[in-house]
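Asker: Residue numbers (our numbering), protein chains in the order written: chain A, 51 to 656; chain B, 11 to 318; chain C, 16 to 232.
Bear in mind the hints are in silico, worked out from the structure with no lab data behind them.
All clues stand as given, with none of them false.
Heads up, incomplete: computed chain B residues facing chain C, CB under 8 Å, no partners named:
no.: 1; residue: G185
no.: 2; residue: P186
no.: 3; residue: L189
no.: 4; residue: L190
no.: 5; residue: K297
no.: 6; residue: N298
no.: 7; residue: L301
no.: 8; residue: I302
no.: 9; residue: A305
no.: 10; residue: V306
no.: 11; residue: F308
no.: 12; residue: F309
no.: 13; residue: V312
Ideal placement from N, C-alpha and C gives every residue a C-beta, glycine not left out.
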Amino acid sequence: MERFFQLPWQVPFGEFSLKIDSLSLMFLMAIFILVFCAGVYAVGYMREYQGRRPMGLHIFFYILFSLALVFVVLANNVILFLGAWEMMSISSYFLIVFHDEKPSVRRAGFLFLVASHCGTFLLFLMFFLMAHNGGSMNFDVISHSGFSAILAGVIFLLAIIGFGVKAGFIPVHIWLPHAHPAAPSHISAVLSGVMIKMGIYGICRVLWILGVLPDWCGYVLLMIGVVSGVMGVLYALGQHELKKLLAYHSIENIGIIALGLGLGLLGESHHMPYLTVLGFGGALLHVLNHSIFKGLLFLGAGAVIQKTHTGEIDQMGGLAKRMPVISILFLIGAVSICGLPLFNGFISEFIIYFGLFKGLASLPLLGAFGCGLGIIALGLMGSLALACFAKVYGTVFLGQPRSPSAVEPWGKTSSWMIVPMLVLGALCLWIGLFPRKMASLAFLGGGYLSHTDLSSLNMGIIFIPLSFIISALILFIALMVGLFGMRRIFLKGLIPSVRETWGCGFSQSSARIQYTSSSFARLIVELVKSVLLFKREGGEVRDLFPAKIKLTSSIQDASEKFFFRPLFDRLTSLSKKLDIHSIRYTQMYLMYIFLYLIFLLVWKMK
Amino acid sequence: MMNIIFLILAHWLIVLTLAPLFVGVITKVKAFFAGKKGPSVFQPFFDLQRLFQKNSVYSRTTTWVFRGAPIVNLAAVLLLSLMIPLGPFKAPLQFSGDILLAVYILSLARFFMIIAALDTGSSFEGMGASREAFFSCLCELALFMNFITLSLVSHSISLSTMIGADTSLSWNLIGPALLLVAGSFFLVILAENNRIPIDDPDTHLELTMIHEVMILDHSGVDLGFMLYAAAIKLFIFAGILVPIILSIHAGNPIVDMLIFLGGMLGASMAVGIVESTMARLKLNRVKNLLLIAVAVAFFGFVVKMWKG
Amino acid sequence: MTSWVDVICIIVVFLSLVILSNSRVTAMIRVFALQSFVLGLLPFFLHISGMSGRVVMISLVTIILKAGLVPYILFWAIRHVSMRTEIKPILGFGTSIILGAIVIAGAFWVSLSLKLPGKPVSDLILPCSLSTVLLGFMIMVTRTRAVTQVLGYLILENGIFLFAISLFDEMPALIEMGVLLDIFVAVFIMAIVVNHINEEFEKNTVSVGRSKMGETF
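With the rest of the complex left out, here is chain A (with noise of 0.2 Å):
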């Protein structure tokens, strides 16, 4: 299914053609519902700046950004592509740095654009290379011209890395930690749920343009999706502010994005079409999924973090008693990410295991082995992420409050901000309940991308065990209704009492005695500590009477202390010695002009 709108345009090379089709589709359903919710959130998030801050240039920046996401998934033409995908890095720069009175923000802000730049660069390498072989900018026509087993090769990786800085790939990821605390909550929403998910179009459509790849790119698409999906709820488990950890959690997703995808590529290398499309299409409906619910995390996030004023897990708790609403939905959000029944989260999961099943049984030997990695794989994230997201909901919204930010009198949380959170809500109850509508339109996608012709295959060998989940979980509805029911007559007539919670004889508890966040992860980060670099700090017991003791405990992102970090210090220096030489700014220039000549001429020879 696609369409095509064309109009004249001067930029040379460039022509204004836009394309929707199958694929793009799940892509702008995310993105319109997304940058919707979060702009009427944001009308109730923004009120306190209102007067203090530019607000102006805010509201046009986040209308070029949603302009730019439209156009990137639209765009069927080089240049307007990368015309888009700048435009969108540019404006959410500026989006990100709302707050930049801090020294942090403005670094993460920095360190985006960097990151982004260098992505983008190695874009244009891989462009240029297609449009080469292909003889146009057009995409559909480079689509239909043929590429060698080595191009295709270097494309596809050149494709994995600059994209894959957007999308948030474990090595290249170390933008996202930072930028996605920095923001404002509703930016960070839609960078999480719908930007980086651009990174993911983008290797969609490389995918489509190229049709057929060589054997081990999807070995590599699967251990990037292994390595990212475990790193990424490791190093979540080890946060304990509220925006970084949901970050990591991107990251996390987008690993299982890239699982499916690389299963989708294993099928087309091997000719298995059921694989393909499952894989694809889990991957896509992975895409709508993880943005809706990471959106309604985000934006709850930012209803707390709004109130309490910090980030930080282990200041906040029992504030489920003060924001009933939110801690519902919030709680929604949980359950959906975690994979677990009734949302969506466990559809789009059980489509890319299903997958993977069949794949570990129909695939030759290495490819066998790669799906069981797989699964193991996933089957791990989805416990590590269930103790991640059961040590954040207890520490905010249970328990007794742990400081004094979590107790002070605040006023009720804007409407605004609520009514797109229920809709997110309800839109994670429904694609979990009724997951059909959504599952197919992924199917689709995922046959388009993969060229396979979907009417040829049986659908219900996905659809059929779809329903009987459906039935289970209404069941299980039902049972639960049941259950309430019958509670209510076994206390009929009796009125429970209202206690302290039992403390084992201890009469003087305080809050503080409560597990934090660090407590809870401790055994889990613990046991791989040299993966994580955990470092612990004092603590330890000297004296016969009790005193103050002091204990830190921290963990370390290892791609960024160990690659990125020396790498840009060297580059920093390198750049501070070739400084000292442009005092003459005249010759300097000069000489690169003489150089390009020089660069021309000898290309030109040929």
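Dock chains B and C against the given chain A, drawing on the hints supplied.
Answerer: Below, chains B and C without anything else, positioned relative to chain A:
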């Protein structure tokens, strides 16, 4: 349609009556090893009856999550019980991929149990919640590894087919792999259902418990639901292991039922013997035990791939 | 039933894994005794059709020597040691188990390309014996105490024994006895050496580091 409803009701009847009996047999075996007469095998029924009649005490700190978790837990295990065959009764809920629904419904129940424990704002429950979250990661790893091997052996991803409900699993051909899967699965049963050597269901020292300390604050109906759910979960897990080991199918439903009951009796005695002869492991050794379960399951997978 | 041989091979590898993960020396020696006992039953099951006095003799001698005498010597060697627990191995227990599983998978993968002359009784013997040998090596390399290193060597010997006993029907009993005698003497010497080392080190023992706050659960 009527067939399905009959099967569902039969399943629930069997599970609701036999699960507490299973726990009672385990207690009797432990008492025998201790040289005592022990409580009657029907004692869990009396306990549940007593709890359902009692009033509840709630903590000031708790919210609806605390009151809702037992309901979610019991509903989840009741749904799970429909996915396994019980003797001659086929599973009414059977489809390709139902193992995933089974594992994730259990995770949903576990999620609510963990946040209900954190809801009380007490560090005891926090301790139990943290340990439960950690051990379940390793258990699920072992479980998925076992499912991979079983799906390769039975060429399907439906729980009933994987455990050999309709056709006997070929012990002759792939005996070693199945032996390893059964061994690893037995360890997972002990871990998931909080039995020695992972957790002691009888201790009431909060520093040493996992499951017991999570439900420490529940009382009355809620505690009754939680205990019932724990018993049913143990019964279901044993019900998955028994058909793998006792892969015998007589055509006669009565004989099948007797074989199943005999197998379950054997399983409960095995659990009781393990509980009586071993001591609870130090908590950082539990992690090693679960990793051994994962390694054994992986070994089973390798043997299966080797055998073709 | 040929699959009894399979079961024995599997149990031998499983027990090597258990020894790899264990930290208590007494438990490790006991599990080793069990492993040698199971291994001693192997000639019995291999020649179940053509039983001869020689086979029974080999079984009995293996069991008495490897499952009875050698563990007894090892227990005697550590009788003076006050702390019978192992300090953490070089890799850590969790990592050793995962690595052990990967080593087993590697052994199976390598066995895919190893072609043996003649048809063995069961096709699991080669990969299982290779796994046992490699696991024994791992134990020797990653452990810090002398007794556990000796145990690693003994497990390696068990792996070689598993391989040899099932492939060479016509191995003369004399060579078999010679091999067993070698092992016996080696363990005896090691026990004496270990005894002296332990007595020497008893005088300046280093205390195990005090646990940090909250280190025990």
